[in-house]
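Since the structure of chain A is already known, use the hints to place chain B on it.
Chains as they are written, first to last, in my numbering: chain A, 1 to 302; chain B, 1 to 302.
Careful, some of the hints might be misleading.
Heads up, the list lumps identical chains together, so a pair's fine if it works in one copy or across two of them.
[What the hints assert, rightly or not] The calculated lysine-lysine pairs, modelled on DSBU-like cross-linking and capped at a C-alpha distance of 35 Å, are:
1) Lys-241 x Lys-20
2) Lys-208 x Lys-118
3) Lys-241 x Lys-118
4) Lys-138 x Lys-211
5) Lys-245 x Lys-118
6) Lys-271 x Lys-138
7) Lys-20 x Lys-37
8) Lys-118 x Lys-211
9) Lys-211 x Lys-77
10) Lys-271 x Lys-118
11) Lys-37 x Lys-208
12) Lys-20 x Lys-157
13) Lys-157 x Lys-271
If you're looking for bench data, these hints aren't it; they were derived computationally from the structure.
2 protein chains.
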Amino acid sequence: MLIRAFIPAHITAFFVPIIKEEPQLSGSLGAGINLDKGTNVFLNVEETTLERHVHVAFNGEPVDRENARITYHVAEKLIPEDFIGEVEVWQYFDFPNGYGFGNSAGGALGTALTLAYKFGGTLLQAAKIAHEAEVLYKGGLGDVVAQLTGGIEIRLKEGGPGEAIVDNILCEGYRVLVIPLGRLTTKDVLSSDIMEEIGNKGREAIDKLLKDPRPETLMYEARRFAESIGLMDDELIEIAKSIDKSLTLPSSMIMLGRGLFALVREEEVEKVRGVVLDLDLPFDIVNIYWGKPRVGRWIGSE
Amino acid sequence: MLIRAFIPAHITAFFVPIIKEEPQLSGSLGAGINLDKGTNVFLNVEETTLERHVHVAFNGEPVDRENARITYHVAEKLIPEDFIGEVEVWQYFDFPNGYGFGNSAGGALGTALTLAYKFGGTLLQAAKIAHEAEVLYKGGLGDVVAQLTGGIEIRLKEGGPGEAIVDNILCEGYRVLVIPLGRLTTKDVLSSDIMEEIGNKGREAIDKLLKDPRPETLMYEARRFAESIGLMDDELIEIAKSIDKSLTLPSSMIMLGRGLFALVREEEVEKVRGVVLDLDLPFDIVNIYWGKPRVGRWIGSE
Chain A
1 MLIRAFIPAH ITAFFVPIIK EEPQLSGSLG AGINLDKGTN VFLNVEETTL
51 ERHVHVAFNG EPVDRENARI TYHVAEKLIP EDFIGEVEVW QYFDFPNGYG
101 FGNSAGGALG TALTLAYKFG GTLLQAAKIA HEAEVLYKGG LGDVVAQLTG
151 GIEIRLKEGG PGEAIVDNIL CEGYRVLVIP LGRLTTKDVL SSDIMEEIGN
201 KGREAIDKLL KDPRPETLMY EARRFAESIG LMDDELIEIA KSIDKSLTLP
251 SSMIMLGRGL FALVREEEVE KVRGVVLDLD LPFDIVNIYW GKPRVGRWIG
301 SE
Chain B
1 MLIRAFIPAH ITAFFVPIIK EEPQLSGSLG AGINLDKGTN VFLNVEETTL
51 ERHVHVAFNG EPVDRENARI TYHVAEKLIP EDFIGEVEVW QYFDFPNGYG
101 FGNSAGGALG TALTLAYKFG GTLLQAAKIA HEAEVLYKGG LGDVVAQLTG
151 GIEIRLKEGG PGEAIVDNIL CEGYRVLVIP LGRLTTKDVL SSDIMEEIGN
201 KGREAIDKLL KDPRPETLMY EARRFAESIG LMDDELIEIA KSIDKSLTLP
251 SSMIMLGRGL FALVREEEVE KVRGVVLDLD LPFDIVNIYW GKPRVGRWIG
301 SE
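Next up, chain A with everything else stripped away, as it sits in the complex (with noise of 0.2 Å):
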């Protein structure tokens, strides 16, 4: 029996870091939108062999334990200590790896709860456990609270599942446009020196945000985030700029990737296609994605 999770890609709009010493404590405020493209992952747990083995694949390829380690340490923490057989899971991405999706979550998340569905758990106990491992290999900080909220989220607190708050813009009538140009990963950019100006800008970006809680806010609020911590070349504002002729928001930068993201009304959709097209760069229109995650026994149907 195949056990499926399907957790949203979430691509960050502002942020600001916080890390303790305690990987539940640890996380981040900001903003973000979950999307209905994200990551699936598959649970085959075979009980016939005499040894215990986890095997784990990143869409189709066997991946070893060095370049897994996220998910071999939420594996290895929710299958139970006498096991004996074949675990295997299966993470599948919509999105590219390393461009700002939260596919490390996605997979931590996805990982964490078909293991508790299987072996026993709660959703909030599998959660912990995806979080930390997030934490501890520099995955990411707040796609995991942020993954289980759905919707356009702001994190009003940060640490793990259940120490974490965070809230729900209310509105609807819109996509979202990505255009994924490239990686920037998480780690680099939290180890680097302009870790101050983000929180500053931020904690900014949070205030106005909470005083004014509608998209017009948040695009606002993430296009100067992006702009004013240096983070967006200008490639990147050359594109932004094609992008917003054709849409009532600014669009802004995935934080943490090399990409950009907007908020598209429906009566837009066509014109920001043509615009997308014309400068030939890769892209995708999707829904918000307000729910939360899922999993269960699969079927095969979809």
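Just chain B now, with coordinates in the frame of chain A:
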């Protein structure tokens, strides 16, 4: 333009009431189930009048301020002070009021979310006001945070939205049989002398559920709780025993209403339906609602 919110009905299996001076710190521990029927709230706002009026209707019938205190409390807090015009709040309940389905919280939360959607505010800002109204007017203690979470929920820490910690059991394959037989008002029980006993037995049930978070544990602990606090009268126990013969898991009492609920596997539905029909009892068999409350413009297609 109508704005609509759907809030799931919420039935409590067992609970520990915790009442403090500050409403946002008051709430309950416990466990319960969210249903895919519940409360629909429609908001209509007319800005053409010269005076400010708030109208509330339950199931199409207008109710005065005295009989809709919770809703009026929410409305006064979320309609801007300088707003002039007519505000109509139409609440429709799938289950009868006072029978333990969280209608009061459903109405409060639905009103809060539609008003925040219209006039501004985040999900948590709105939900906090709904919780405050529930606590102040003794509608309920844990329904709002349970309904915000969805699914089969475990309240691990009491309080309002953003303060409470609410977990989920991971499972599927169950529907919920409900047998609503009569009223039992929260207000009466919360001021009775069995409160200490409820607290002790409720904590025991939560501890056991967290050690083995499965539907089985939920229902065995629910029944043990209901019988031990003495709220389950002889007639309810008789009915429960009749139903249990066709179910894998024991049924239990809805907290707080005079009624029963049970988790029913797909293959048990027909048999248990026959039993309840033979007993000539009012009943419904519904799905578990795993999502978050929904709010948005209502086009009228449903």
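- Task: Give the relationship of Lys-118 and Lys-211 under a CA distance limit of 35 Å: within one copy only, between copies only, both, or neither.
- Result: Close across copies (16 Å), not inside one copy (43 Å); limit 35 Å.
- From the Cα coordinates, with 35 Å as the cut-off, is the pair Lys-271 and Lys-138 best called within, between, both, or neither? Neither: 38 Å inside a chain and 53 Å across chains, both beyond 35 Å.
- Quick one: Lys-245 to Lys-118, C-alpha cut-off 35 Å, is that within a copy, between copies, both, or neither? Answer is between; shortest inter-copy Cα gap is 28 Å, intra-copy 50 Å.
- Query: From the Cα coordinates, with 35 Å as the cut-off, is the pair Lys-208 and Lys-118 best called within, between, both, or neither?
  - Reply: For Lys-208 and Lys-118, only the inter-copy Cα distance (19 Å) is at most 35 Å; the intra-copy one is 43 Å.
- Item | Lys-211 and Lys-77: within-copy, between-copy, both or neither at 35 Å Cα | between (41 Å within a copy, 16 Å between copies)
- Could you figure out if Lys-138 and Lys-211 sit no more than 35 Å apart (CA to CA) within one copy, between two copies, both or neither? both (31 Å within a copy, 30 Å between copies)
- Task: Give the relationship of Lys-241 and Lys-20 under a CA distance limit of 35 Å: within one copy only, between copies only, both, or neither.
- Result: The answer is neither: 38 Å in one copy and 53 Å across copies each exceed 35 Å.
- At most 35 Å between C-alpha atoms: does Lys-271 with Lys-118 qualify within a copy, between copies, both, or neither? The answer is between: 29 Å across copies meets 35 Å, while 46 Å in one copy does not.
- Message: With identical chains, the pair Lys-37 and Lys-208 could be close in the same copy or across copies; at 35 Å between alpha carbons, which is it: within, between, both, or neither?
- Response: within (29 Å within a copy, 37 Å between copies)
- From the Cα coordinates, with 35 Å as the cut-off, is the pair Lys-20 and Lys-157 best called within, between, both, or neither? both (13 Å within a copy, 23 Å between copies)
- Message: With identical chains, the pair Lys-20 and Lys-37 could be close in the same copy or across copies; at 35 Å between alpha carbons, which is it: within, between, both, or neither?
- Response: within (31 Å within a copy, 43 Å between copies)
- Copy assignment of Lys-157 with Lys-271, given that the CA separation must stay at most 35 Å: neither (38 Å within a copy, 49 Å between copies)
Violated hints, in rising order: 1, 6 and 13; the structure is consistent with all others.
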